[in-house]
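10 protein chains.
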Amino acid sequence: MLYLVHMQVNIPATLAPEQADRLKAEEKAYSQKLQADGVWRHLWRVAGQYANYSVFDVAGNDELHQTLMGLPLYPYMAITVTPLAQHPSAIALN
Amino acid sequence: MLYLVHMQVNIPATLAPEQADRLKAEEKAYSQKLQADGVWRHLWRVAGQYANYSVFDVAGNDELHQTLMGLPLYPYMAITVTPLAQHPSAIALN
Amino acid sequence: MLYLVHMQVNIPATLAPEQADRLKAEEKAYSQKLQADGVWRHLWRVAGQYANYSVFDVAGNDELHQTLMGLPLYPYMAITVTPLAQHPSAIALN
Amino acid sequence: MLYLVHMQVNIPATLAPEQADRLKAEEKAYSQKLQADGVWRHLWRVAGQYANYSVFDVAGNDELHQTLMGLPLYPYMAITVTPLAQHPSAIALN
Amino acid sequence: MLYLVHMQVNIPATLAPEQADRLKAEEKAYSQKLQADGVWRHLWRVAGQYANYSVFDVAGNDELHQTLMGLPLYPYMAITVTPLAQHPSAIALN
Amino acid sequence: MLYLVHMQVNIPATLAPEQADRLKAEEKAYSQKLQADGVWRHLWRVAGQYANYSVFDVAGNDELHQTLMGLPLYPYMAITVTPLAQHPSAIALN
Amino acid sequence: MLYLVHMQVNIPATLAPEQADRLKAEEKAYSQKLQADGVWRHLWRVAGQYANYSVFDVAGNDELHQTLMGLPLYPYMAITVTPLAQHPSAIALN
Amino acid sequence: MLYLVHMQVNIPATLAPEQADRLKAEEKAYSQKLQADGVWRHLWRVAGQYANYSVFDVAGNDELHQTLMGLPLYPYMAITVTPLAQHPSAIALN
Amino acid sequence: MLYLVHMQVNIPATLAPEQADRLKAEEKAYSQKLQADGVWRHLWRVAGQYANYSVFDVAGNDELHQTLMGLPLYPYMAITVTPLAQHPSAIALN
Amino acid sequence: MLYLVHMQVNIPATLAPEQADRLKAEEKAYSQKLQADGVWRHLWRVAGQYANYSVFDVAGNDELHQTLMGLPLYPYMAITVTPLAQHPSAIALN
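Residue numbers (the UniProt record's numbering), protein chains in the order written: chain Z, 1 to 94; chain V, 1 to 94; chain X, 1 to 94; chain H, 1 to 94; chain L, 1 to 94; chain A, 1 to 94; chain R, 1 to 94; chain C, 1 to 94; chain U, 1 to 94; chain S, 1 to 94.
Keep in mind that a hint or two might mislead.
Keeping only pairs whose Cα atoms sit at most 25 Å apart, straight-line, the calculated SDA-like set for lysine to any residue is [said to hold, decoys possible]: (1) U:Lys-28 x V:Gly-70; (2) L:Lys-24 x A:Asn-94; (3) C:Lys-28 x A:Asp-62.
Restraint-style ranges between C-beta atoms, simulated for each label pair [stated by the list, open to error]: (4) V:Val-39 x L:Arg-22: 17 to 27 Å; (5) U:Val-39 x X:Gln-19: 48 to 58 Å; (6) L:Ala-16 x V:Lys-33: 16 to 26 Å.
Bear in mind the hints are in silico, worked out from the structure with no lab data behind them.
Note that the Cβ used here is the ideal one computed from N, Cα and C, for glycine as well.
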């Protein structure tokens, strides 16, 4: 089941740079693991912003929530979720 | 080059049903042709709404604009465009 | 899987009263059938408005979309969907 | 009498982690006591956010306000309240 | 129990003037009856707008909804409701 | 002359608790003095929020501004003002 | 007493041109009479829009409302009102 | 050439009171000098807010920007600018 | 003096196609005349929308307003204006 | 390919003045280098605000994103991007 997720990252200036760097590295590893597993199906940068649009393929709302809460940068993100359904004109299945 | 596009369809009640049906059929054919060509890379229904999120792969802003203006339902759509860039953590190229 | 759905009804003044009445009767029957089936789990009127908040229990995004599109008043509704997950402090399962 | 309540939790980074943990534990106990009493009738997590939608069954506006002000995390919440009425198509009483 | 209610009136240009006049007269009578009964406790015009702020004193959400739905101009109003509680510094009871 | 005033209180976490308590006590005394004088005609708590809706009866815009600026918690409030006029259907004078 | 008023004019396409012209002429006469009387103290066009910002000098909220309701184009305007007070740094009295 | 300018002042709690007082005194002197010069043509307090609406008479966009940047409180202000044109019904020239 | 202008075109479905075509042709001629004169310095299409961003070089607010009001499609446009000043880092003069 | 970019600069009060000055100097040099190269085609100050509207001429979304991320003040900016296409009435090519 697919969800479009928008993540806006707001790392506060008070976070120590080394801690920010460590979180970003963990975030990258976490993200790439999920991409390799097919859960984080798409990951795009919004041009000009520290933000991304992503598509997740999960079993449902609960798995989506657990996956997003697991993001190392989760405490510094504003997240919005749009549930996606099969479009009748799409030539591919979701 | 990728763009995330949100289309909200608002067909007015004053449009004759047969004309609406014809436009929807043309829209479907237009959309599926572009999907087969790889231009309209993704097409998802927003759950609960007469709206979609789509990803287009085009040469740039001009081709995107021409492609969207060619939509048979274009006069009845509210469209927003978000340009997408390569995300440094993505394991796939855009 | 649960979704909170907000429906705002906007019946245009140009709709013939008898047609509006017929659609409202069909809407009521459709709604009560789904409530009896356990799909439309809750239905509340927003005080002072021709709107409701509802909770649906469906298999996922696709069933939710099909269910909402089947509403007889769907063409006259503005709908927003919020996917719900299990809350760790809830004493009941979703 | 029912109210739909949306709570968005914003715990500031300056709050000591042990104090935050203590408040969260108190919040959970407070919430589960009210759920067991039938006052906090529903509690759902908004997927992807540190937020919930809840339904309270109280005697009226004053009891609702007192109940919400008693939340241990109240100082860190943005709360909105929607009063709910009986829907004429609902098969259950509020 | 008190509620602050904001009503914005939007009478469409397509409504026949005599019908509009009849509805306004009915609205006035309905309003003054409820004011005399103590249900519609306050009624103020918003300066410069075809809108009012009102305070209703009713048994709860259901009576409020029934009262507002009974407004002759209800189909032409946009209504918002704010539930009010006793303020700890108020020298009068609600 | 009447004005509807909405006050949202935002006391920063950096304010010392004893200073906050002192300001709140001063605010209560200031408010009750003006209520007794008939200037602060109504004071209601917005259910679920650290906010109030109030009605002031003053000579005009200048007295309203001076009265609001005199609030001990004024530096921590977001205030909006709506000027009210006599409603033609009201059975009481403003 | 001064008020800043913003008026946005939206004349519907369904209004007969001769009726629109007559209303505009009446509006101009009404406006110039009030300007000559010192009630409509300032009248400025918002560059690029069919809108104006105006300053009215009236006895209070009721006179302001009556004055605005008397505008021949009132039914086609969206109006917002901001009450103005004496600024402590102003070298002129309001 | 006239511009309507809205200034909202937000002095942070971290600014030392004596520095805030000094800036306010400088702001007042700067403002009164420009008023005397006819550049800052009007200055009104928004009732209930630490904000003002002002009208500036300057040679153009550049002089306006330089004048506003010279405000001693400029770093603590949110400013919006509306360019004004001659209104065809105004009896006075801008 | 430069202004950034955003124009959103909303031609109503009730406008006869031949009249719409005539207005569009007049709009194009009007626009190209002003571009050739150096008044309409830039004209860009917003990708995916029936809208443009333009830069005008005029003597001031009044000439800008007259120029925009002269647009053949002016009655069907929503226009916003942003006055531009010389940027201190720009290597070209406005 | 052209993009309209809006940059709002928000330098926090906690940034040391000398560091802010250094960043601003770097920003100016970076900006003027790109202007000389023809990449940053236009740079205008928004009158009255610490903000600018700019037009970039880049190969596409990725180059735009890299260019904006390279801004020395990037961490203190809120940026929005509007992709621009050739307007059919423009007498110049983008």
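Structure-based check of all given hints:
Simply put, Lys-28 of chain U and Gly-70 of chain V have alpha-carbon atoms about 21 Å apart, close enough for the 25 Å limit, and the pair holds. The straight-line distance between the Cα atoms of Lys-24 of chain L and Asn-94 of chain A is roughly 21 Å, inside the 25 Å bound, and the hint therefore holds. For a cut-off of 25 Å, the pair hint linking Lys-28 of chain C to Asp-62 of chain A stands: about 19 Å separates their Cα positions. For Val-39 of chain V and Arg-22 of chain L, the Cβ-Cβ distance of about 58 Å falls outside the hinted range of 17 to 27 Å, so the restraint is violated.
Evaluation of the 48 to 58 Å hint for Val-39 of chain U and Gln-19 of chain X yields a pass: the beta carbon distance comes to about 53 Å. At about 50 Å, the CB distance of Ala-16 of chain L to Lys-33 of chain V disagrees with the hint of 16 to 26 Å.
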